[in-house]
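So the sequence lines, in the order shown, correspond to chains B and D. Going by the working numbering, the first residue of the first sequence is number 1, and it counts up by one from there. Going by the working numbering, the first residue of the second sequence is number 1, and it counts up by one from there.
One or more of the hints may lead you astray.
Said to hold, decoys possible - Straight-line Cα separation of at most 25 Å, DSS-like style, residue types lysine-lysine; simulated pairs: (1) D/K149 x B/K393; (2) D/K395 x D/K406; (3) D/K127 x B/K129; (4) D/K393 x B/K134; (5) D/K175 x B/K129; (6) D/K175 x B/K175; (7) D/K395 x B/K175; (8) B/K425 x B/K393; (9) B/K170 x D/K485.
Hints are computed from structural coordinates only; laboratory data are not their basis.
Below, each chain spelled out in residue letters.
There are 2 protein chains.
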Amino acid sequence: MGALRFHSLCLFLSTSTRAASAPTRLSPLHHHSHGHLVFKAKPYTLASRDLSTQVTAEAEAPENIEKHPKSGQEGFITPRSHDFNAWYADIIANAELADYGPVRGTMVIRPYGYAIWEAIQDYLNAKIKETGHKNVYFPQFIPYSFIEKEASHVEGFSPELALVTIGGGKELEEKLVVRPTSETIVNYKFTQWIRSYRDLPLMINQWANVTRWEMRTKPFIRTLEFLWQEGHTAHATLEEAEEEALKMISVYKTFAYEQAAIPVIVGRKSRLETFAGALRTYTIEAMMGDRRALQAGTSHNLGQNFSRAFETQFTDENGQRQYVWQTSWAVSTRFVGGIIMTHGDDGVPLRIEIGPRDVSSGTVVISRRDVPGKQGKVFGVSMESSILEAYVKDKLDEVQSSLLEKAISFRNSNILDVSSYDELKEAISQGKWARGPWSGSDAEELRVKEETGATIRCFPFEQPEGTKTCFMTGNPTEEVAIFAKSY
Amino acid sequence: MGALRFHSLCLFLSTSTRAASAPTRLSPLHHHSHGHLVFKAKPYTLASRDLSTQVTAEAEAPENIEKHPKSGQEGFITPRSHDFNAWYADIIANAELADYGPVRGTMVIRPYGYAIWEAIQDYLNAKIKETGHKNVYFPQFIPYSFIEKEASHVEGFSPELALVTIGGGKELEEKLVVRPTSETIVNYKFTQWIRSYRDLPLMINQWANVTRWEMRTKPFIRTLEFLWQEGHTAHATLEEAEEEALKMISVYKTFAYEQAAIPVIVGRKSRLETFAGALRTYTIEAMMGDRRALQAGTSHNLGQNFSRAFETQFTDENGQRQYVWQTSWAVSTRFVGGIIMTHGDDGVPLRIEIGPRDVSSGTVVISRRDVPGKQGKVFGVSMESSILEAYVKDKLDEVQSSLLEKAISFRNSNILDVSSYDELKEAISQGKWARGPWSGSDAEELRVKEETGATIRCFPFEQPEGTKTCFMTGNPTEEVAIFAKSY
Numbered sequence: 001m002g003a004l005r006f007h008s009l010c011l012f013l014s015t016s017t018r019a020a021s022a023p024t025r026l027s028p029l030h031h032h033s034h035g036h037l038v039f040k041a042k043p044y045t046l047a048s049r050d051l052s053t054q055v056t057a058e059a060e061a062p063e064n065i066e067k068h069p070k071s072g073q074e075g076f077i078t079p080r081s082h083d084f085n086a087w088y089a090d091i092i093a094n095a096e097l098a099d100y101g102p103v104r105g106t107m108v109i110r111p112y113g114y115a116i117w118e119a120i121q122d123y124l125n126a127k128i129k130e131t132g133h134k135n136v137y138f139p140q141f142i143p144y145s146f147i148e149k150e151a152s153h154v155e156g157f158s159p160e161l162a163l164v165t166i167g168g169g170k171e172l173e174e175k176l177v178v179r180p181t182s183e184t185i186v187n188y189k190f191t192q193w194i195r196s197y198r199d200l201p202l203m204i205n206q207w208a209n210v211t212r213w214e215m216r217t218k219p220f221i222r223t224l225e226f227l228w229q230e231g232h233t234a235h236a237t238l239e240e241a242e243e244e245a246l247k248m249i250s251v252y253k254t255f256a257y258e259q260a261a262i263p264v265i266v267g268r269k270s271r272l273e274t275f276a277g278a279l280r281t282y283t284i285e286a287m288m289g290d291r292r293a294l295q296a297g298t299s300h301n302l303g304q305n306f307s308r309a310f311e312t313q314f315t316d317e318n319g320q321r322q323y324v325w326q327t328s329w330a331v332s333t334r335f336v337g338g339i340i341m342t343h344g345d346d347g348v349p350l351r352i353e354i355g356p357r358d359v360s361s362g363t364v365v366i367s368r369r370d371v372p373g374k375q376g377k378v379f380g381v382s383m384e385s386s387i388l389e390a391y392v393k394d395k396l397d398e399v400q401s402s403l404l405e406k407a408i409s410f411r412n413s414n415i416l417d418v419s420s421y422d423e424l425k426e427a428i429s430q431g432k433w434a435r436g437p438w439s440g441s442d443a444e445e446l447r448v449k450e451e452t453g454a455t456i457r458c459f460p461f462e463q464p465e466g467t468k469t470c471f472m473t474g475n476p477t478e479e480v481a482i483f484a485k486s487y
Numbered sequence: 001m002g003a004l005r006f007h008s009l010c011l012f013l014s015t016s017t018r019a020a021s022a023p024t025r026l027s028p029l030h031h032h033s034h035g036h037l038v039f040k041a042k043p044y045t046l047a048s049r050d051l052s053t054q055v056t057a058e059a060e061a062p063e064n065i066e067k068h069p070k071s072g073q074e075g076f077i078t079p080r081s082h083d084f085n086a087w088y089a090d091i092i093a094n095a096e097l098a099d100y101g102p103v104r105g106t107m108v109i110r111p112y113g114y115a116i117w118e119a120i121q122d123y124l125n126a127k128i129k130e131t132g133h134k135n136v137y138f139p140q141f142i143p144y145s146f147i148e149k150e151a152s153h154v155e156g157f158s159p160e161l162a163l164v165t166i167g168g169g170k171e172l173e174e175k176l177v178v179r180p181t182s183e184t185i186v187n188y189k190f191t192q193w194i195r196s197y198r199d200l201p202l203m204i205n206q207w208a209n210v211t212r213w214e215m216r217t218k219p220f221i222r223t224l225e226f227l228w229q230e231g232h233t234a235h236a237t238l239e240e241a242e243e244e245a246l247k248m249i250s251v252y253k254t255f256a257y258e259q260a261a262i263p264v265i266v267g268r269k270s271r272l273e274t275f276a277g278a279l280r281t282y283t284i285e286a287m288m289g290d291r292r293a294l295q296a297g298t299s300h301n302l303g304q305n306f307s308r309a310f311e312t313q314f315t316d317e318n319g320q321r322q323y324v325w326q327t328s329w330a331v332s333t334r335f336v337g338g339i340i341m342t343h344g345d346d347g348v349p350l351r352i353e354i355g356p357r358d359v360s361s362g363t364v365v366i367s368r369r370d371v372p373g374k375q376g377k378v379f380g381v382s383m384e385s386s387i388l389e390a391y392v393k394d395k396l397d398e399v400q401s402s403l404l405e406k407a408i409s410f411r412n413s414n415i416l417d418v419s420s421y422d423e424l425k426e427a428i429s430q431g432k433w434a435r436g437p438w439s440g441s442d443a444e445e446l447r448v449k450e451e452t453g454a455t456i457r458c459f460p461f462e463q464p465e466g467t468k469t470c471f472m473t474g475n476p477t478e479e480v481a482i483f484a485k486s487y
């Protein structure tokens, strides 16, 4: 899988205006075995932003920014610096990554967007299998009573459920939940599949669609229906479940760094932000171009919460009945949005320029997005496709390293260490992330959220050593937490 | 993709009773890069047939067959010759291919079953891309009004719909259909994406789950929810749409023959059996081990039925507005059931036998299912895994050829040419397929169905030459039709 690198996820190429004065639309020429794409230009025909006559999706409320005068014009991309949200919507539309569905908050993933998801799938699917998990498929309809069995699970999910009440023309006796996640139905089957310690660990994964009735939606980032992989495992001991949960968050971290060039911060969620039904949630948190945090993948140690609710037991080596220890973990199409909002700018990593003189000499000019001006240009690269392709691949590897470096330095320069609540408020008001010692209560965490809009993104695994003083309570604590506004 | 052959679809291996007197359960040791599986034995722990305490799925009504005395016993597989339906259920359970979901008619696809589906996906996904289609993903929730737009479509699908009426705790203004197929929502987007002839052909495909509220269900063959790929294309002319529909049924046929060793018959559906909303439906029809027909894949020329209903138009080269011509085509998890019911017998294509003497000599005995007795056995094959694996792969290729030959001769010997309705009735009553000249009306076709239980499976592409006399009406006709009982 080493051949899958950022350049296969990186679709924002366009052609030079030196050759074509009309706006152009792009289509991949082919997707070769190394997984990266070569592009050709096509006449541009679709209006940006004029996506749908029936769009009723509420986008994330944009902050108080005046519309760019050219906003909504065909082919125009709002500068990212002018309005991040409008820029994101323009990129999604112009690069034909996604489009709105007819139902509020739903999304059609178009070929270029889906190709990014397929690259993510290819990599993660191989890693999930390498780490011993088997793919399966569970039904998406879950009896409503299942969701009610685990107390915090129903509390967390019930406001977001889509319910099927009519099937085959008849009112159903029990309404059915359209899967928002599968812990309950998985446990229903685990009770039947697991008998003794010899059946453990049981480690499965599925690629599936899930539905959550979200009110504020944004393409890829938060949609009514999305695609994901969800892993579910059962173990004989807490230690094994913990090891599994940590292993999978580490797979996600490696993917983010090495494939998507996103320098995520790995850590543990606060109790308030823990998955509904989990003992502990681990997360990878990514800093978007507007410095908001994006939860890009999570891994849960579910403890025995679901096994006790569903009576998922095994007979141990001493013949005793025990509840299994479980994990679940997921990465979704949200990651596609994360890639765009991390690396996207006003829309071209590597530009291949072809002018009339180039055509006569059979060469092209290659310009790197990340190195402006003449310094980033190479003239006279042969048009011969095998040479050009190898050259582009090589350059994209360079771009990948450079993008990761830039993303790391962007991230680091936007995380401030704070030692008082006032310093935190100041950091957040500047749009930055705040990192500081924390031992506050749930109520104090909520107060920070209400007063600043920031939440605890995680207690990062990388911690400064020694005892610190909580900036909120003044009590001694071993841990720093990271606070930020998030998507 | 040449490496994907039947042996990657072929999971019914077991270990020898020479070594283990207890029943065994199987798990793949690993899935290597050539796509076939190597198995190891595990102690068997799951009861066959005792799959679920909450199973309410109605299986296909078994014909009037007494239960085998051992039926339902742990690890027991009903002989196929005794009761095909019970045998199928036992295979599904014992080989751990699938299990029942908590909601009537739903199915959990377990790792071995899903591995077969993944092998199908790998092959078809590559072919679909090679033939110029791009993968996308459409939302599964479709406004009810969409389904109503195409008259025969709503008539065909409305009895089978699952409807979401509550979302996020609120009654919805318009109820939502959980996708039974996507022609309507695809056309909604095509109206926005297609402007001129330069946007055509537009050729997309999606891998998705679909829901049809079926009353009589059977694992893989007919379930409330299933997985499939659905291709959707739009073209400038009827001829192009026809060419596309024919090309994709041919891709399916090649897959069936070359990968799954299923000798399907390719043909055109009768008007009555045509997809709800299509102009013409092409089908691949497979003969199962009990000689029932299985529709294993379909490709539809939709004509302008959906484009007229949705106003999906383009501007042609002369500046005139025209309705597009469309196709759609699908293969589903039903194909997994088709593989089992074609090639499955009482549960082992290649048996690797290891006795105590073999262990001391480091060798195994390999027995072919399809060649009984000593003739099918090879003694003294090295246990060294690279040698054993290559040997097994080679033998499975032989088994594949032999299975296809056997399936072809089984199929041919069970299709009778008929020249009168009485002959047809006789053939059907013997459980065979009947092929005969047909120019009957819809009413006459329905009469055959009512009186014999058989339907027209297709007008096969391979037709005897010359004018024939319809066995029902006595009128001259150019075509023979194939009649059979089907799943």
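Okay, the hints, checked on the actual structure:
1. D/K149 x B/K393: violated (48 Å)
2. D/K395 x D/K406: holds (16 Å)
3. D/K127 x B/K129: holds (24 Å)
4. D/K393 x B/K134: holds (22 Å)
5. D/K175 x B/K129: violated (39 Å)
6. D/K175 x B/K175: The hint holds at about 15 Å.
7. D/K395 x B/K175: violated (51 Å)
8. B/K425 x B/K393: violated (44 Å)
9. B/K170 x D/K485: Roughly 29 Å between the alpha carbons, so the hint for B/K170 and D/K485 is violated.
Figure legend: structure checked against the earlier numbered hints; hints not met, in rising order: 1, 5, 7, 8, 9.
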